[in-house]
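Asker: What follows is each chain in one-letter form.
Protein chains: 2
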Amino acid sequence: VAGKKENEGNLKGLFDFVDATDTFGASTWEQSEAESQRLAFGFALNKAKVVSEDIDILLAGDLMNQCVGSSYGLAEFGIPFLGLYGACSTSAEGLALSSMLCQTHKKIAVVTSSHFCSAERQFRLPLEYGGQRTPTSQWTVTGAGAFILEANNEVNQPKIVDCMIGKIVDAGIKDIGNMGSAMAPAVVEILTEYFRQTNTKPQDYDAIFTGDLGEEGSKILIEIMAVNGFDLSKKHTDCGLIIYKKEEQDVHAGGSGCGCGAISLASYILPKISRGEFCNILYIATGALMSPATVAQKLSIPAIAHLVHIVRG
Amino acid sequence: VAGKKENEGNLKGLFDFVDATDTFGASTWEQSEAESQRLAFGFALNKAKVVSEDIDILLAGDLMNQCVGSSYGLAEFGIPFLGLYGACSTSAEGLALSSMLCQTHKKIAVVTSSHFCSAERQFRLPLEYGGQRTPTSQWTVTGAGAFILEANNEVNQPKIVDCMIGKIVDAGIKDIGNMGSAMAPAVVEILTEYFRQTNTKPQDYDAIFTGDLGEEGSKILIEIMAVNGFDLSKKHTDCGLIIYKKEEQDVHAGGSGCGCGAISLASYILPKISRGEFCNILYIATGALMSPATVAQKLSIPAIAHLVHIVRG
Chain V
1 VAGKKENEGN LKGLFDFVDA TDTFGASTWE QSEAESQRLA FGFALNKAKV VSEDIDILLA
61 GDLMNQCVGS SYGLAEFGIP FLGLYGACST SAEGLALSSM LCQTHKKIAV VTSSHFCSAE
121 RQFRLPLEYG GQRTPTSQWT VTGAGAFILE ANNEVNQPKI VDCMIGKIVD AGIKDIGNMG
181 SAMAPAVVEI LTEYFRQTNT KPQDYDAIFT GDLGEEGSKI LIEIMAVNGF DLSKKHTDCG
241 LIIYKKEEQD VHAGGSGCGC GAISLASYIL PKISRGEFCN ILYIATGALM SPATVAQKLS
301 IPAIAHLVHI VRG
Chain W
1 VAGKKENEGN LKGLFDFVDA TDTFGASTWE QSEAESQRLA FGFALNKAKV VSEDIDILLA
61 GDLMNQCVGS SYGLAEFGIP FLGLYGACST SAEGLALSSM LCQTHKKIAV VTSSHFCSAE
121 RQFRLPLEYG GQRTPTSQWT VTGAGAFILE ANNEVNQPKI VDCMIGKIVD AGIKDIGNMG
181 SAMAPAVVEI LTEYFRQTNT KPQDYDAIFT GDLGEEGSKI LIEIMAVNGF DLSKKHTDCG
241 LIIYKKEEQD VHAGGSGCGC GAISLASYIL PKISRGEFCN ILYIATGALM SPATVAQKLS
301 IPAIAHLVHI VRG
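Protein chains in written order, with the working numbering: chain V, 1 to 313; chain W, 1 to 313.
You may find that some hints are simply not true.
Any copy, or any two copies together, can satisfy a pair, since identical chains are not distinguished.
Stated by the list, open to error - Below, simulated DSS-like cross-link-like pairs (lysine-lysine); rule was C-alpha separation at most 27 angstroms, straight line:
| # | residue 1 | residue 2 |
| --- | --- | --- |
| 1 | Lys49 | Lys12 |
| 2 | Lys219 | Lys107 |
| 3 | Lys167 | Lys47 |
| 4 | Lys167 | Lys49 |
Rather than coming from a laboratory, the hints here were simulated on the basis of the structure.
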């Protein structure tokens with residue numbers, strides 16, 4: 001499920017539902033975001049041909065204070081609910097956790113979202129203020145993604161074969177107009193460790209997607225990984241750079257938000273796996289774990305990245 | 001780990017660490033709360049005679065926006081980290097999830113906290129305002145609890161034998177000065193369903209603890225459960241009524257917050273199980289999933305309750 005601007009970018013036409021008003025019929029932006037989660041999960045249930053009662057556990061979270069997008073948007077489904085907070089890493093956090101829980105449960109669902117308008121007024125400035133944005137800043141994606149995982153995978157469909165839970169990495173970055181640089185070190189840490197533990201290298205994968213590093217964070221990632229001996233330049237793509245058309249859409253360093261990775265994965269990456277265009281990918285979503293209060297207190301921004309390894313299986 | 005007021009109540013002397021200034025050495029309340037999590041987890045590691053590297057996954061969350069108590073307080077441990085948001089249900093959410101993850105991992109840790117001063121200014125009014133509190137309001141507990149779970153339980157120590165993940169229940173309550181009444185229906189739902197599925201009744205347990213229903217919520221719980229055919233009156237205790245001395249400490253309807261259940265469980269309930277004073281209990285922590293924004297938008301308060309069944313095993 002996506003907003004107007006998202007459907008004017010590179011993923012135009014790939015979404016199950018687009019609201020050209022970005023309101024999703026609600027009267028406040030927070031409720032719009034909640035409604036986007038409700039819609040996304042509804043579509044996921046329909047496409048998987050299951051009903052609420054078939055889902056053992058629903059994992060969800062978003063960027064809004066107290067994750068109200070999930071609690072208000074998903075209440076009506078009546079499914080055992082575990083709230084997550086991983087900032088923009090929520091999609092990968094949920095998928096990683098689901099893949100573990102699938103060992104003891106039949107069906108697990110993951111839902112996450114972000115909304116430009118709810119995020120701006122909560123984390124930055126009210127929209128009415130019309131503040132100028134710095135070139136390294138990113139544009140919060142309006143969109144919600146929902147995923148349903150089951151223990152027994154269908155043939156030739158996306159399958160999580162392993163995952164790695166990230167550690168909190170604080171590289172000392174304090175500029176909230178440059179989230180990419182705060183989050184890139186978390187990807188460096190998890191990717192380097194993952195390549196080491198699995199004894200693999202970038203060339204072993206069809207593609208390596210990060211969630212929302214944007215232009216700045218992606219450059220930093222590729223640069224540091226090269227120093228660590230891994231050439232990501234031909235394999236890495238960031239979902240924040242996939243969604244929008246850089247030249248036309250004025251999003252500065254690219255997209256961001258829980259929805260950024262989630263809707264790219266749901267609408268673009270996973271279908272490519274189903275069609276056999278990708279057979280072996282890494283998906284790493286990153287989150288910046290600060291709050292407006294810690295920013296005001298001049299603390300640096302802790303970041304996290306979680307990795308899921310998805311194959312066509 | 002607890003604050004001054006908590007150590008003047010019924011659990012006086014049971015905590016590993018008490019800071020009589022409630023600051024935990026930090027210069028802002030948000031950082032005080034983060035520090036309380038760092039201390040609590042440090043004590044848990046020491047008492048369990050393990051080091052950070054022994055912990056496979058750390059699950060944590062708190063009440064502050066973007067759960068910054070956990071991200072700032074626990075970053076230095078360098079453990080794979082999964083952020084949770086379950087409001088005051090976080091302790092039970094974390095324990096339930098840990099008990100599932102223990103089937104595939106060796107050691108899992110859960111940490112949560114709340115702090116009166118960070119919660120008041122975020123959810124209600126700045127402390128300096130000195131607003132009057134309604135009789136049904138509760139007092140957010142200053143404290144952090146940490147738990148370490150492993151697959152192979154020591155003999156005669158607390159053991160989670162099963163758990164139930166709760167569903168979001170919205171009973172239409174809009175009064176944020178009366179959280180007990182918003183959360184009690186979530187306990188009714190999960191307890192009734194748990195008794196049904198396990199074919200047990202209150203008399204089968206040594207005690208049934210809820211996290212922070214307070215006086216108002218506890219009365220509602222007992223009343224509705226009686227209508228459902230279950231007499232909780234002799235078995236139910238609420239952690240919000242355990243911590244403070246009602247007559248002396250002016251906390252109105254009792255304690256609340258993620259820390260309320262967590263420090264009661266860690267300092268009082270689990271030691272009683274270790275000593276054999278309890279052999280079979282239910283612990284149900286409840287959370288109210290609204291935000292100040294949804295309250296301002298006059299939405300009702302969705303609530304959740306998660307249940308863990310703990311025996312001496």
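Asker: So, for every hint listed, does it hold in this structure?
Answerer: Status of each hint after checking the structure:
no. : hint             : result
1   : Lys49 to Lys12   : within (25 angstroms within a copy, 55 angstroms between copies)
2   : Lys219 to Lys107 : neither (38 angstroms within a copy, 37 angstroms between copies)
3   : Lys167 to Lys47  : between (34 angstroms within a copy, 23 angstroms between copies)
4   : Lys167 to Lys49  : between (36 angstroms within a copy, 22 angstroms between copies)
Against the hints set out earlier in the document, a violation occurs for number 2 only.
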